[in-house]
Amino acid sequence: MAKLNLKSMKKSTKDHIITFAMVIVVYIIVQTMITTGNMSSLMQGLLVPMCTYSIVAIGLNLCVGYLGELSIGHAGFMCVGAFSSAFCTKLLQDSIQNEVILFLIAIAVGTVAAAFFGFLIGIPVLRLRGDYLAIVTLAFGEIIKNVINVLYIAKDENGFHFAISDGNKIELSEDGIWLINGAKGIAKIPHLSSFTAGVIMILVILFIVYNFVNSRTGRAVMAIRDNRIAAESVGINITKFKLMAFTISAAIAGAGGVLYAHNLSTVTATPTNFGYNMSIMILVFVVLGGMGSFRGSIIAAVILTLLPEVLRGLKDYRMLIYSIVLIVMMLFNWAPKCIEMRQRIAAKFKKSAKKEAA
Amino acid sequence: MNFLSYLINGISLGSVYAIIALGYTMVYGIAKMLNFAHGDVIMVGCYIVFMTMSGQGWGAVPAVVLSIIVCTVLGIVIEKIAYKPLRKATPLAVLITAIGVSYFLENAALLIFGADTRSFTNVVTLPALKLAGGALTISGTTIVTFLACVVIMAALMLFIKKTKAGQAMLAVSEDKDAAQLMGVNVNATISLTFAIGSGLAAVAGVLFCSAYPTLTPYTGAMPGIKAFTAAVFGGIGSIPGALIGGILLGVIEILGRAYISSQLSDAIVFAVLIIVLLVKPSGILGKQVHEKV
Amino acid sequence: MALLEVKNLGISFGGLRAVDGFNITIEKGQLYGLIGPNGAGKTTCFNMLTGVYTPTDGTITLDGKDITGKKTVEINKEGIARTFQNIRLFKEQSVLDNVKIGLHNQMPYSTLTGILRLPKYRKVEAEMNEKAMELLKVFDLDKEADFLASNLPYGKQRKLEIARALATNPKLLLLDEPAAGMNPNETKELMETIHFVRDEFDMTVLLIEHDMKLVSGICEELTVLNFGQVLAQGKTSDVLNDPQVIKAYLGE
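Keeping their order, the protein sequence lines are chains W, D and B.
Just so you know, we're using our numbering here: the first sequence kicks off at -10 and counts up by one.
Just so you know, we're using our numbering here: the second sequence kicks off at 2 and counts up by one.
Just so you know, we're using our numbering here: the third sequence kicks off at -12 and counts up by one.
Treat the hints as calculated values from the structure; they're not laboratory data.
Being a predicted model, the structure only gives us computed values, none of them experimental.
Misleading hints may appear alongside valid ones.
If the Cβ cut is set under 8 Å, some of the chain W residues that face chain D in the computed set are [said to hold, decoys possible]: (1) 28; (2) 124; (3) 125; (4) 135; (5) 140; (6) 143; (7) 330; (8) 334; (9) 338; (10) 340.
Glycine included, C-beta positions come from ideal geometry on N, C-alpha and C.
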């Protein structure tokens, strides 16, 4: 086998290897801390959510950073992934004993379901100006939450029972089970998620997105972002590639939802877990980590999840800080005065570096 | 008779949406941005009225006037600090900033006023109108809301047609650079647009909370998004479009709540948005815009 | 048979007749110029030829095939590529990738092949790199292959746009003011490059230009547009000496 030679490698390939290495090293450190008993149970409880947020942030970054379209409904896709997969595992847990196979089925179901909704939403909206996409994805997130909260599905020996708005309509026999119980959501979900599963999912997803953006398709997507008219003029089908990137982005968010749901015993669609706030939080991870940088998204997701737990006093101000992060990051990157200031500092830095060298 | 009273409620709610939609549509037309924070300005306006009336014992009129002034200033300040430096930035950056501002207002309000739901006192003291021998009641709030909406629309259209500032707005919305060359003060015009939109948001907020008297830091978000839907529905950039879109949306929401499902009323409103974008993305009165190549 | 045959092309925006009765016939291998005062409708013609605007009336025939009213993407696949008056590069991507995006439809592989890095991916990517570098070399851009497109100097950006257009393997190349913003040396160099492209790639070129030196230097035939209508048409030297053309350019 060829020897790994970091120097002669393409810059992007080097970048990818660093990201993979980072994830693996963190995983090893965390596992060592757990086995040696150096990690509080509170911290351990944060591990799976951290993976979830990282995954959804990677998905959103594909949409925001590479497609250049803002979605503020990724919590909605997460919600679709969570509910469809939890529904499925609840149904199958008696017939499939192997947890790994069950979880793989859950991931497949959640991802496909989220991708389907991403595709559905994308068709009307991706032809339009970006602002519309933002508002429609937001609307979609709200619709999904609304619909799940009025959905009742149960199963007993007579088969499935469905109801909308009123769960009392369903007359369930004694050993029947509720699959989705309206606003109470799905209860008694098999606990299939683990930190290891989360990390493996992150690695697989990183592999997919890195290869995607460095392929012919990924270049077409970025071409559309950079200049739609020029992209059309060289024969790139705008709708097709936008839709493809958006669908993949939604699918990844769905995978995050699967991990999220199988870490809880009960999953409900409330504003805090699958609402606007969650979508904004994910957006903050993407913006802070850098649009277009998957590694940045992961780092931001991990740090911003840990920070309020470590610094207790910050907890009340968390949301306020998030909002300031969004504003300041944008001003820092785009305001003419900030750009000027950054250039001045960079010039100064260069000068002093030169002096030192001399 | 039930249907008629639903219809009237719908028009009343729709009038509020129309007033809020004005703020969106004007800003969108002139600054070409979606001011996400617009809905939250409504909430700020409501808290001002609530604090002064319930806390300080002010009368309704001075409270509303103060609220309008505060919101107008807030609108101008937001534009100056957050949006003005981004005139040349990508639409994505501006949108993210706007979301940041919206989120900031919500969470600042959460820290200042707390998460408790406050019950808003109705500022309208007009007696209800009983028609058809008491079978149909139209509340004073409904009447005032509808009248306020019509008056505001008319005044705004006159303002744009008859005044120099209004003409400047038209010019900037048509072509910012050309307007600048013709001596229009673009920055001042955009500031003025934000000021008017935010002032109207205060009015809309007070009317909304008079009809639905629960006040939390998130009160403004939902009506804000629905009003944007109304603006898109009517055709973004068009003032009569905001009126038509707002009222239609209000009626759809109330009828949907009454006849389909109360829990799904929001979902129905958003479904309308998606259908409109699918069938006629430029809205009822909007015009198709071509990108220059 | 002519490569491009445009008959009676016209477009209205609202009530405004921007172009009216535009006819043009270009033979294979020709270097053809489209000139006229500002606002004469030259770029509008380009936009109709490339499907950015749908003509109100008239027909466009490319290589015997009617392409009137087709979408930009399809027209590019039929064989028309273009550059833009106000440069439109993929600014956030490397010079090499800009050309590789041009090769998008020439060297395809599926998205799944890309994601799974199947052997075909490596093979096609290697071919793409080779082909793109060849094109860059023609325009003397090979040393800047790894630069971000936005970091190139202005003249090189114009060249990169031409290279990208050529990558789509067109039959007809439309250049919208290729010499705009170039100094006399760069213009001279550009003229040589255009000649070279015609000979080397067996290309037909239609260009809009204001620089009369470039027009008279390389164009074999000209069409002059004025107020959306054809004012004169024919051999370059004849057209440039036409008193009507001189009047339109210099005024009375």
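Hints breached by this structure
1, 5, 6, 7, 8, 9, 10
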